[in-house]
Structures are given as C-alpha cells and as structure tokens.
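Colleague: Join the two chains, each given in its own frame, into one complex according to the hints.
As you go down the protein sequences, you meet chains G and A in turn. Just so we're aligned, residue -11 is where the first sequence starts under the working numbering, counting upward by one. Just so we're aligned, residue 48 is where the second sequence starts under the working numbering, counting upward by one.
Everything labelled a hint here was simulated from the structure, so no lab data went into it. A hint or two may mislead.
Claimed, not checked - The calculated lysine to aspartate or glutamate pairs, modelled on DMTMM-like cross-linking and capped at a C-alpha distance of 20 Å, are: (1) A:Lys581 <-> A:Glu523; (2) A:Lys135 <-> A:Glu262; (3) A:Lys422 <-> G:Glu16; (4) A:Lys258 <-> A:Asp217; (5) A:Lys102 <-> A:Asp217; (6) A:Lys422 <-> G:Glu18.
Now for the letters of each chain:
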Amino acid sequence: MPLKREPNLKDPDGLYAAILDAHADLSESESIALNARLVLLLANHIGEEAVVREALALARQSIDEAAGSSRGT
Amino acid sequence: MTDVRSINFPYRRSADYGRRQPQPHPIVIVGAGPVGLVAALDLAAKGHASIVIDKKTNLAAGSRAICWAKRTLEIMDRLGLGEVLTSKGVTWQTGKVFFANRRIYEFDLLAESAHRRPAFVNLQQYYFEHFCIEAAARTGLVDLRWQQEVVGLQPTSDGTLIQIRTPEGDYRLIADWVIAADGARSTIRRRLGLGFEGRMFDDQFLICDIKMRMERPAERWFWFDPPFNRGRSALLHKQADDVWRLDFQLGAAADRDEEVKPDNVARRVRAMLGADIAFGFEWISLYRFQSRRLARFRHGRVLFAGDAAHQMSPFGARGGNSGIQDADNLAWKLDLVLRRLAPESLLDSYDGERIAAADENLLNTTRSTDFIAPKGMISRAFRDGVLSLAETEPLARRLVNSGRLSVAASYDGSALNGPDDFAAGECPASRPGAAALDAPLADAFLLDALGRGFVGVCFGREQAADLAAANRRLSEAATPVKMLAVSDAIACRRYGAERAPAYYLFRPDQHVAGRWRALDVAALARAAERASGKAAG
Chain G
-11 MPLKREPNLK DPDGLYAAIL DAHADLSESE SIALNARLVL LLANHIGEEA
39 VVREALALAR QSIDEAAGSS RGT
Chain A
48 MTDVRSINFP YRRSADYGRR QPQPHPIVIV GAGPVGLVAA LDLAAKGHAS
98 IVIDKKTNLA AGSRAICWAK RTLEIMDRLG LGEVLTSKGV TWQTGKVFFA
148 NRRIYEFDLL AESAHRRPAF VNLQQYYFEH FCIEAAARTG LVDLRWQQEV
198 VGLQPTSDGT LIQIRTPEGD YRLIADWVIA ADGARSTIRR RLGLGFEGRM
248 FDDQFLICDI KMRMERPAER WFWFDPPFNR GRSALLHKQA DDVWRLDFQL
298 GAAADRDEEV KPDNVARRVR AMLGADIAFG FEWISLYRFQ SRRLARFRHG
348 RVLFAGDAAH QMSPFGARGG NSGIQDADNL AWKLDLVLRR LAPESLLDSY
398 DGERIAAADE NLLNTTRSTD FIAPKGMISR AFRDGVLSLA ETEPLARRLV
448 NSGRLSVAAS YDGSALNGPD DFAAGECPAS RPGAAALDAP LADAFLLDAL
498 GRGFVGVCFG REQAADLAAA NRRLSEAATP VKMLAVSDAI ACRRYGAERA
548 PAYYLFRPDQ HVAGRWRALD VAALARAAER ASGKAAG
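Bound conformation, chain A alone (with noise of 0.2 Å):
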C-alpha cells in the first residue's frame, strides 16, 4: 500500500466557480476531518448529496486522533467501514499502569463477549480519513472540494451565503444548511463571532510517533512518574503499521523548541524504551490543550461538530470520538427534516443531546487531567496516596484516573425520549436514551438490523403472532417503523426479555427511543413521532 499521505488532492474548479448568482445547495459540510466525512458518508447513505470544502492538499503527516471506541465503530458498520478500520487497526483492550518504576494494576476494558467490535481499536487519523474519502467517492454523492477555504459567511433568511477561496480566486454559493466540522480553530465559529470561553491548561505534552518493530503486547500503558519522566506521566499505544505513539507530560515551563529536536525526544524515547532500540521518528508535536464548549451547537441553520463545537484534553479518547457521535445524531435528523418528515426544531434535539454528552465529556476529561496532573500539594498527596495504595488495595484501583475512556452517550432526559414501560432499575442498559447494545443473532449482528429508519424490535423466545398485522400498520403510518422479532438467547438477555418479552423502538442512530412490555402499536408510533420532533405527549 503506499503510504495514503502521499496522496494528493486535486484542486477541481467547480460548477459554482465564476457564477454571478450564487447557487443553492442543501447541504454543504466544512471541515473534510473524520467528522464531517462521516456527516457526508451518513448523508450519503440517506440519499442525500453534500459538498465537503477543506483547504488541504493531502492528509496530514501526523497520526493525531488514534482510539476508536466502540460506539465509533459500530457507527462506521452502519456506513460499510467497521471492518476495515478494524481490521486496518490494532485491536486493543487491556490497559497497565505503572506508578513510579511499580506495575500498580491492569483493566480490561470489554469483559463482556458476544459483542462484533472490541472496546477499541488504535488506528492513525489519516487511514480513518483515507477510508472514508474513498467510501465518499463510491457514493456519488459527496462533492469533495479541496485546496478551497470559506472566507465568508453570512446568514440569510432561509439559508447562509459562503464566499469561498480556491487557488484561482473566490466564488459564492447558498447552503440551506451547514454543518460546520472545520475543528478547534473554526473559522465558521469565529466568522459568526461565537465565543468559545473556558479552562486553558498550562502543562504542555510532547506526542512523538515511532517506527519500530517491537514484541512488545498491543496495550495501553500509562506511567505517573516514571523513573524516565520524573514527577510527570507517559503514555504508550501502538497504531497500525509497526507504528507506536509516545507521549510525555512536559510542565508549563518547558522550551518549545528545545523540546521537539529529534535527538531529545529521542533521548526521551531511549528512556522509556531501552538504550538499545531502533525506530525512526514518524511525527512530533507539542501540544496544550483546552476544556471548552459552545453555548449552542446550532445556531439556525448552521450546526457545529467535533472540535469546531467543543474541545477537551485527550485523556480517555473522547474528542474524536465524541465527534462521529455528533454526526451520527446529527445525520438522520437533518435527513427527516431535508425531506420534510419532521420539523426543523428536531435539530434543536441535536443541541439538547449532543451538549449534554459533550458536557459528560469535559467533566470526565477534566478530572482525568487534574488526576495526571494535580495542582498543588494537596490534590497531589491524594493523587499519589491513589496510586500507593493501588498496588495492593483494590479499593484505590477504581479511583485512579488515566483518563475514563470513550463510551457511548446515553441522552437521560432528552425531549426525544418515549415512555419507558420497564420496572424502576431493571435492565438499565438498554434504557430509553442509551444507545443499542450489540448482540450476535443467528448469521449476523443486532446492530446490523438497525440504523435504518425507525426500527420496532420484539425480543422474546416466543413471538407475538401479531407481529406481521403491527408490521402493516407500522409501514403506513407519518413515521414508518420496521418491526422485527429477536428471539437469540443473548439479545433477549441483554434487553431484559428472558421472562417475558420486550418491545422496543430504535431511533436510526440506534438509540433506545422507547420500551413497552406489551405490543401497543399505537405506543409505538407515538413514540416515533415523538422521536422525530413532532409531539410533545
């Protein structure tokens, strides 16, 4: 395979190009990161064509976003591209953590089997983004345009007018909608003058990627102060291709450009790893990071995803990942809308859930960052009483704090939510909210049947006769749900049906919209509507 950042992308003079009325499109998604490619891809897979603006001329060098959780994955099986990022990626699932020159304890992050995809899997940005610019040539429907940069915007009544700079000059088009995935330095936040306020860390950290060949087991390990970074944390995870990302806490004071020479870092890479390895240097950055959010992430017509939207420190792999979940929430809504199945406040329901994952997030990130770098004497003494007390107690093990890793939000309390029928505290995974838990079926996956459109399940070992009379009434009604009937042991033990059955309604993000212990299909298409923005009872 040759190496996918050497590929260059063409600037491509558009149809817009040299128009003197502006065009409409409906959709035009800035920021060609993962986040507005799997916009586009979603999009795409709902029939729906958009047009990607983004100024690169290729993929960029470093690997930078490199756990996909999950929840990332089995959004990429709804859009054809779990496999290959799985299979590209190096799968990984048991954590160490050393204190000191001490082994204080170990995880695993998916004790539980019978799920298609592992907790994670380590793969570098520019193959998550290579995959998905392919995939988004395969559809025909997503306008790539590269080396183009917005250089203004302006909101109309119905719509926003984009001026855009390309190579040979500027051109204007109308977007009914944008969904801006431009990441942490916005320029569609700052064109609309949004602030972006919140907590800045001053300690700096060095990523360094490196080639090696190294037997070395595909884990997450975690250092505080290690003997080879004193009074500070290391972080260590391998990535596809024999590559392995390395990264040091450095403190506030440290020299910026003293520390990114090659011969310190690898100075620094010959401590951790032996005096007598050999590796070639694939990428070092410097990098200090940010707790912040927007106060809205729609703001008319105008969504905001990913980084653009909110930014956190890296600790637990929640940035990118939290990212494709807002394109996931954010595709089927605009979808209903663009074809006029629910009314435009249903995108108020991407504000209200996507904020308060996005709020779950920084809490989680940011008491990971005051647990790896604590501030004062205090937060210090209990930091390390964790970690002393860890090696031997299991009591400390769940206090220490190297960054509580990606999973998927559940969205407790949103407006979208129908009635839950189940019994207070029974089977609270799979509650109204939560995203679908996975289960094999017979020749293939729970998550499989789902994702597409409105999906009714009946899990149960004996099945409601009735099922094919709901299905009719089901297909006819304002928002058509597909029923189906589950009755694999594992699928009917995880949403609580080993007794009796359970009727549930997925939204096509694959989310619990509701849950009945009886078949009412008038309960059912209530709560579709209900899902879709269209009723409030």
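For reference, chain G alone in the conformation it holds in the complex (with noise of 0.2 Å):
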C-alpha cells in the first residue's frame, strides 16, 4: 500500500494541536528528541517499510525544494 496523501483525519485540526501542545514546555533540544521518539513509534506502528521510506523521502524532497527555492530566487 503506497503512502496515503488524500486526508485521512477525522478531527485534523484537534490532531495537530495535539501534536504542538505535547512540544509545549520543551526546549528546542528536547523538542528534538520528542519528534523522534514518535517517529519511532510511528514507523513501528505502520510497520510497512516501504511506506515509512516514501513518507522519509516525501518530507525530504519538501525540504530540499524549500532550500533550492531559496537559493535559487
């Protein structure tokens, strides 16, 4: 199964308040270390390497473009 890209959230905006609200409190440096954590647990709960490594590549090649764009303009 590829990697889901159509929404697939039931309450997106509770979610990622969720998400900002476990960071709060946290300096960058244990903001850092909570991200990986989760995607530990996450990679494990989807379990399906390969789409693991799309997601990887997908987040990459987002930051990668933002950089090219920068530098390119």
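Modeller: Right under this line is the structure:
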C-alpha cells in the first residue's frame, strides 16, 4: 500500500493542536528528542517499511525544494 | 597449565635457506594468526602440506579477539578443535544492555536448543592460536617457520617468488599459491600495491583485561552513557582463567599516553566494578578502527583472508569470526584446484562469496558503530530515543544496536548455488548458500557427517529404497558425492522434511549447494559439478 496522500484524519485541527501541545514548554533539543521518539513509535506502528521510506522521501523532498527555491531566488 | 604466552617459538633453519635456486612449494601461508592457522589445518585435513611464515617469537600477550561464534566452533569441530575451545572457553548467550544507570533489556542469543555448540564462547585469541599450533604440529603437514618475515614478493607466470628474512639472513622460495593472512597491516597487500581505502573512525577505545575472582554470570554487559563513562559506552565480557575484558569508549580527543597509564585505567575499572575490588592487569591497549576491504580478495595466485582482506569495527565480533569463515571457504576450493578436480576459476567464487560476506559484516558493524557513537545531535536524539523507549517498549528493543553478533554467512546469489526445489518461502534457513543447520542424530550431530567432500543427505522419516543405488552412481561421478539418510525428527524439521522427504547437497564447507523434493541422481551430480566451478548450468 502506498503512502496515503489524501486527507485521512477525522479531526485534523484537533490532532495538529495535540502535536503542538506535546511540545509545549520543551526546549529545542527536547523537542527534537520528542520528534525522534514519535517517529520511532509511528514507524513501528505503520510497519510497512515502504510506506515509511516513502514518507521519509516526501518529507526530505519538501525540505530540499524549499532550500532550492530560496537559493534560486 | 603453564602460561601459553611464555612458550618460545624457535627459529629453525629450513631446507630452503641457502639454496641457490629457490624451490617450489604448493602452499605458503603468510601469518600464523587464527586465520592462517585454520587455513593450514583445513588444508592439512585434506592432505596438503603448507608452509606458514610468521615473524613472532611467542604468542601475543593481549587477548585480542575473544568472542568465537557458533559457526566458528562448528568449523573448528570439523578440524577437531571445537571441544577444546569450548571447554577451555566461557560459554555465554545472554546479553544485558544498560542505559545511564538503568538496565533496559536483555537478550538471549540462542533460544533454539539441540545444537552442539552455543551461540558464543569467549576465549583469548592466544589460546585459540595455541590449540591450533599444537594441532598443526600433530598433522605433520604444517611447516611453521617462526621468526621469519616476508620482505619481498614477486608474482611470476604460475606462482610467486617470495623473499623471506630470518635472524641469520634472507632466502627465497617459490609458492604456487599464497594465502595472505598477515593481518590489518598486511605486508603482502602493501607489496602488491593494493589500495585499502575506507572509513576511519575518530573515536578511541580503551581495552583492558583484568584478572579477578568475581561472582558474576558469564554475560555480555553493554552500557550506553553509564555514570562511570558519561556520554560514552562501555563493555564487559568474561574470558577463561578469570580474565575479564573491559572496553571503554574514550572519544576522539582522549590523550593516548595518559589514558593507558595503569593508575588511570585502574580508576576507570573501579568506577565500573566497585571501589573495593581486587584485580590485576593482564593487558591494556588503546585502539581506533576502520571499515574497509580490498576491492578483490583473489589476486591471481595470491588469496587474501581475514584482516588482511577486510577490517571492521569490533562491535559484533565479526572480525575474527569472518576470517575463520574466509579460511573455511578457501580451503576446500584450493584443495579441489590442487587435486585438479576443479578449474582455477573456482577460486573466483572465494572472491565473490567472501566479498559479499565482508560487505554484510561491514554494513552491520558500521551501523552498530553509528548507534554506539552517534555523530551529531540528531543521531543522538534518535539513539537516545530508542534507548529511553526500550526499557518499557518492546518495539524499541529490536532497534538497540550494541553490535549485531556474528552469524554464519549465507552465500545467496553465489554462482556455485544449484537448484532450490522448495516452494517460495519454504524453510528459508536451509536455502542454497546457507550454512548447514546442526541437529542431533542418534549418537552424533549432523555436522559430524558433513564436511568431508560433497555429501548428499536424504532427510525423511521413510527412506527412499534406492539410496544404495544412488550412492554407487554418485561415488563414481567426476565430482563424487557420498549419500546419507537422516530420519531424526529435529533434523527433518530443520530441513523441511517433516511431511515429505527432502534431498540436500552439502559442499565441503557444509554450505547447502542445492535441495530437491525428489531424489534425482543426475541433478545431484550436476549440482556437485556446478559447486566445483565446472559447469555453468
């Protein structure tokens, strides 16, 4: 099964807020630690390594494009 | 028992010394470490004489390689040394992992019973070498030339002209075949001008062996970020004779000379094990490591094995154990070539199979190193995330990497592999290329029956009646195969023969050459030819 790229959450705004809430009062390095743990937990839950790799590639591509466009202008 | 390290290896003048014309010899092995000695023993078991050249005067004082994996012990069983190594060594199979001041989990390496050998035996390298040297002398075929050193090497059309330095001067000889087992700083490699590039790790590690009586189980203890070595790692292992291996990660900036001072090491030892322990030092050494291999292990009639061919980080005990598997892979091929039962090109499969194994070892040890010594903030965040979660979450335990311990290589995709008649995904552990799985038989173990020439095994509760006929035909084939029948339950289960019989062909190194669901004598003979490098089909 490929990575789902259509909306898949019932309460997107609520979950978005929950992600930010989890980071509340954390330092930058603590936030990085939290994100790392979150990635590990979710990757294991997803289980399908191809899906995780696709998500990694998409996330990376988005960052590279942003960097490329800012360098380009 | 006297300390084997005090035994002197005398220089003896060989018949080659002083000859005006260098004399030919079939096999010259450079380096009498574990890999060179195992190669010499294996070749001797097959009837071949060899000369082993080494400059040392006695065994090294330090324990060096200490963890011998099950596959190594099985290979040593074939050479008659598995029992002495196991009984002298310390058997362990439990590893405990600590993070900061908490134990986060433990693992059991060999959950499956009914194997002759355990997952690991810890034994100082000097004992391993000592038993090999004694066994080599018993064969009468291994000419150990101590206090001699290769100083020149010149490939000729069908061999190698070697110049050897002795305490009384130089002499030359001609080797038909050279096995370069002369370690990480291989003279042979340098003499042939071969590149040996790779990744160098900056981190320094301190090894110290201490002797002490301690009531503590024989387990591998690994610490990430312990209170006594903040931000770094440490390892504890038990060896024979109440010797314990301690290994401390020091970082890149550590002062070499300061760190190895006994007082400073003693402070570290007490911080790890307790202020009141009584101990003596056996060995202190500082090391850094590299990950690299030769582009090819076969260079004409020079064959590289062990550290001379590949170097890796020690996490996972893959250096020594992979070197033994190199020798195991090489000896039977060289035997067939020397007896003209196989073309020289069979040795290209040594290159192919052992390079694939080296790459797997390099990949695993590099990943372990990156986990143990994370580079940068993000690597550390993920590493510490895994360790923090591992205490309560089983999902994270599988990601903890304090070394992926050495297992037998499987030669998947080797040109020597024959047919796999099994259904896809059926019994993958005994697929062609894999090392034979041991299993108890009525009065021995399966591996005892494998390893002398090609062996075909009919696994099954009910035996095919035509085994005798098959044996007659296959014993007369160009590549003879000896056929056996095995009906023991555990063996049948491990080889996928519980419900229907299964027919396997094993190479002389006990790796599976092919497997079938029906007894087809012609197919077995063809697979033996193919595994000898004689046929493409």
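Colleague: Keeping to a limit of 20 Å between CA atoms, is the pair of Lys102 (chain A) and Asp217 (chain A) held or broken?
Modeller: 13 Å, holds
Colleague: Decide if the proposed pair is consistent with the structure: Lys422 (chain A) and Glu16 (chain G), CA atoms, cutoff 20 Å inclusive.
Modeller: Distance ~18 Å between Lys422 (chain A) and Glu16 (chain G) Cα, so the pair holds.
Colleague: Hint check: Lys258 (chain A) vs Asp217 (chain A), CA-CA at most 20 Å. Holds or violated?
Modeller: 41 Å, violated
Colleague: For Lys135 (chain A) and Glu262 (chain A), compute the direct alpha-carbon distance and say whether it is at most 20 Å.
Modeller: 19 Å, holds
Colleague: For a C-alpha distance cap of 20 Å, please report whether Lys581 (chain A) and Glu523 (chain A) respect it.
Modeller: 17 Å, holds
Colleague: Lys422 (chain A) and Glu18 (chain G) were given as a pair; does the straight-line alpha-carbon distance stay at or below 20 Å?
Modeller: Since the Cα atoms of Lys422 (chain A) and Glu18 (chain G) sit roughly 18 Å apart, the hinted pair holds (cutoff 20 Å).
Against the hints set out earlier in the document, a violation occurs for number 4 only.
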